[in-house]
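4 protein chains.
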Amino acid sequence: MLRIGVIGLGYWGPLVARNVSASSGAELSLLCDTDPGRLEAQRALYPDARLVGSAADVFGDPTVEAVVIATPVRTHHSLARDALLSGKHVLVEKPLAASVSQAEDLVRIADHAHLVLMVDHVFLYSPAVRAVAGFLRRGELGEISFIDSVRINLGLVQHDVSVIWDLAPHDLSIINYLVDRPPKGLVAVASSSGALGMPSVAHLHVDYGGGLLASVHVNWLSPVKIRHFLVGGTRRSVLYNDLDRSEPVKIYDRGVDVTVSPERRREVLVSYRTGDVLSPNVDKTEPLRNVIQHFCECVSNGLRPLTDGAHGLRVVRLLEAADSSLAEGGKYVDIPEGP
Amino acid sequence: MLRIGVIGLGYWGPLVARNVSASSGAELSLLCDTDPGRLEAQRALYPDARLVGSAADVFGDPTVEAVVIATPVRTHHSLARDALLSGKHVLVEKPLAASVSQAEDLVRIADHAHLVLMVDHVFLYSPAVRAVAGFLRRGELGEISFIDSVRINLGLVQHDVSVIWDLAPHDLSIINYLVDRPPKGLVAVASSSGALGMPSVAHLHVDYGGGLLASVHVNWLSPVKIRHFLVGGTRRSVLYNDLDRSEPVKIYDRGVDVTVSPERRREVLVSYRTGDVLSPNVDKTEPLRNVIQHFCECVSNGLRPLTDGAHGLRVVRLLEAADSSLAEGGKYVDIPEGP
Amino acid sequence: MLRIGVIGLGYWGPLVARNVSASSGAELSLLCDTDPGRLEAQRALYPDARLVGSAADVFGDPTVEAVVIATPVRTHHSLARDALLSGKHVLVEKPLAASVSQAEDLVRIADHAHLVLMVDHVFLYSPAVRAVAGFLRRGELGEISFIDSVRINLGLVQHDVSVIWDLAPHDLSIINYLVDRPPKGLVAVASSSGALGMPSVAHLHVDYGGGLLASVHVNWLSPVKIRHFLVGGTRRSVLYNDLDRSEPVKIYDRGVDVTVSPERRREVLVSYRTGDVLSPNVDKTEPLRNVIQHFCECVSNGLRPLTDGAHGLRVVRLLEAADSSLAEGGKYVDIPEGP
Amino acid sequence: MLRIGVIGLGYWGPLVARNVSASSGAELSLLCDTDPGRLEAQRALYPDARLVGSAADVFGDPTVEAVVIATPVRTHHSLARDALLSGKHVLVEKPLAASVSQAEDLVRIADHAHLVLMVDHVFLYSPAVRAVAGFLRRGELGEISFIDSVRINLGLVQHDVSVIWDLAPHDLSIINYLVDRPPKGLVAVASSSGALGMPSVAHLHVDYGGGLLASVHVNWLSPVKIRHFLVGGTRRSVLYNDLDRSEPVKIYDRGVDVTVSPERRREVLVSYRTGDVLSPNVDKTEPLRNVIQHFCECVSNGLRPLTDGAHGLRVVRLLEAADSSLAEGGKYVDIPEGP
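Residue numbers (our numbering), protein chains in the order written: chain A, 382 to 720; chain B, 382 to 720; chain C, 382 to 720; chain D, 382 to 720.
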């Protein structure tokens, strides 16, 4: 039983606490928030958990083996750093940190201390994304031609981070997971609503080389809610629609084949395939439950998580590049190679 | 009765012919195509129309007052030029021409000869787009915050033009019509499938200044067909879904209000509005019928068409800028001011 | 603060307990189930509530003022009877009882004892149904021409009651609420799957006189989930789609007008109206929360609930008539008038 | 080349004429309508066809080998009878005739004269219905548990026939085609709008014995258009949605298994299956084209059509039974056995 403390009881923290509490491999031993009201609201649910108002009390508690950090992004680095330095394993909300240098620092510390550092990129633990990845890995899609992800909604506007840092980590994490090579560059454009002073609508275009473009559209202001994740392959294509509870994943055996005629030089031949559509059954496990379980297993068995610090760092690298691109008016920004 | 000749009987030409023939203000007097089979296929439908195999025969026919040019883009300039120089009024398929200089040339000639030059930007004649524009003009949307247009499908891959020149003219024409100021710049990214050698998936982001970003996603390779045109306004937002036959236009009285607190400096206040959704009744007139009628009226009464040469030129300017941006790896390209 | 005991902790009971606990007007003072495991599962959530294994302990507890009965249908009569005879106000799950005579008995006892008897016909407390009723009451729909309700799903097959007694109470309750006159008769047809030995697919057609037919399709075996409630009016029509989270209620200003020409005798004139579609904003309050609040208010102020015993009895009368119709092979069965 | 005459040029006749004209096995030799305007409208399209104003001219023309009758239902019997007696093969619009006795008369005459009598039950020639039937025939659905067909729309209200005779022939024809045994009985209920004086909303429930219920909901007054055809099977279920152009047929590997425990007598065991959803590719051939081709083949090769007179008669038998059921207030009506 891994003894876990949860720091931050805003929106996500209580969900984490519930899943930790329900997990067979973990014990919710401590809850921490600076707001006494938030703490009290959890007391009746977890009568056995210790409640503290300061993160220092968490780090100083020798019985706590691991912490989940569910606080605003700007605090991730300092809290995760202190947790690691206190010898705790860390699961941190996405994104890992507010800058590449912060993220690199955390990766370094965790590696050095041989502690687990995992980022809660929750979509990688959803059965639907696993199904998409499975089709891709088994070669059923052929080569990826393009990826297009739309995540728009009349969403909860954040005060401290832009829509890019708030929503795009989901898409970028999935895309990095699916594409088997590092991104080369990125173009970002955005629109900022007047008083907010930061992007509330944005498009990111990540260049993975070889003609593969992965685009992400995130938007806090859309009157309609859309979550389309489209992977165009040379053999088949997949649409993952997170809002379609009945058929979240569809594999389309449709496509366009473009070939160059061997006899008649320079002539391009275009043909169309129209086949079946398959919507595989996708189990309904809550992704967050899988996250907690994976974290416990990695700690217990000394394994590297699927979404380890390096994965989280790669996402932060793209987010920071997006800000750079925006700052230069939508310029193409190179992504440095890295872990 | 305006005597009209139709040049080009591929996909679009026969539809134009049918609408010219059915129009009360026009007479289909001549059909032209270099392919005898295509000509023959129309003979039974229009027994009174003259069939010719060469555009020169059209331009030399003094009884023909106006021509519709429904040929590949690369031929638009030369055919429209000759038609205008022969004293014919011209309706040309979108886009107006294959380059800004060609388009400017046509505008100049038409102006000089006092002939009507109109581009078949057919969506501006659809009742749905008119409804969207009506809501905007009456102030019901407030200021435009963003525009997002998605036009993706397993489409007819073109051999001679990219997906940008094939599909984006529709979106750019609508956007230019809705926004009351000229575009300042543009960023384009695209993915090219191997053998085709030109973009089949592309994103255009047009900067209209003042924080207004209009994005266009065109894609020939999508297994699903989507046509979403979203206009986010400060008061209300509109979704025009061309594939929803029952409710193509929806006005959402939903939004996010962001204000800066007057008392507490620097504090941003966010509030959410959730109101009704209205789907206005939109009549079912075929847009192409409206196009032909508008062309006839403009010729008869010496009026300037809604989609005149200048409108078509502005669209071509954006298309050419998109190619420039692509050529420079997604660079922000300034759009020169112009007619 | 009304002190409430909840009897039955299967699927619905825990939801009731949560809403009672969260209600400002009620106090969850007692939980009862014969299964110790179910009781234990609630202990941590409601540390102050008394847990008992027998309903007799509930009825004998003088501090409990009211009970909610969330047990299988066949036990409703006996439990509700004992509760009323012990002087407790009663909120019972739908349907009120397993037969008309049982339901009548409960109504009689409650009336005599001046106690509140309310049935948890939860849809009448949903904002969407309220919106539909509001449009109807304000005359915006004109006269009702027909009602059609579809409630199909791969549902939880019940062992003790047919799909009619399981699902149709929802639809019949809504229909009785909307139509302002008593039903005259009913036809029911059903299909029974082999081993189950009772209807799993059924259609009920309730005749409200004056040509008004209200149809209900309930089905436990449908691979697709549909919840369409359609009210056709002479002026406008309404579709309430409980699964459309964004636009659950739509008012269609569309219809067919049939009139008899005054001049030309016997000639029927048909004209079509096509107008706007309006989806009013519907608040997101949980209906069960409204149910608990209404129950508390009725007890506190001695009011008669919207879904009182008489309402519940009228629903049971239709259910029993449906069984009679089925037993006679789909015969038209008269519905006796009554409270 | 089968020389065909088309009688009746209202809504359906011109579509038939177009398909006859385009068919390689047929020649459109004659068009007939009592309305000169309707005849004229077709002249330009078919310059080689003879135009006549009276059916007698058709029957008297020895060069016409076959006729298509696309006139109002009440005229089917008399026109088809005369055509058969003149030695012409006959393709008649659905339903075959206005009564069972009329339909039987036509079947008798055609059989006696060894002429082809075919009914244009067009849905049996649609690739989607063929796909559904294919799955069923190959045993992939198991046994049919229920069929439910919904065909509702703000439709073209007919003056001479009720919604049952107008729309239900489609559904009844498909159902008879799928179910491999004769119907035993039927219950019908309907609602009639005031001035029209005949049913505009109706439900038919056909009992095929063995617990198999097939239900049909037809409605001219619905503000929403729905065409759902659901076949519940013991192994899999199918939804055919004629309005879903992208995925008209879906096979759901979902269901409920109900078994009786062999050990514990009387205990019913319920289990749920949740598997993939498959939408097979369905070709886009126009069903009417297949109808004409099949008619030509049957005439040429002396074959019995899939939708021969007997098939049409069986549909009329159900329609007449529906009227009988309605006349007796929704009574269960036995269906006599027959060809």
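Incorrect hints may have been included.
Identical copies go unnamed one by one, so any copy, or any two together, can satisfy a pair.
What the hints assert, rightly or not - Subject to a maximum C-alpha distance of 35 Å in a straight line, what follows is the list of computed DSBU-like cross-link-like pairs (lysine-lysine):
1) Lys665 / Lys712
2) Lys665 / Lys606
3) Lys712 / Lys565
Simulated from the structure, these hints should not be mistaken for laboratory data.
Query raised in the report: Which of the numbered hints are not met once you compare them with the structure shown?
Result: 1
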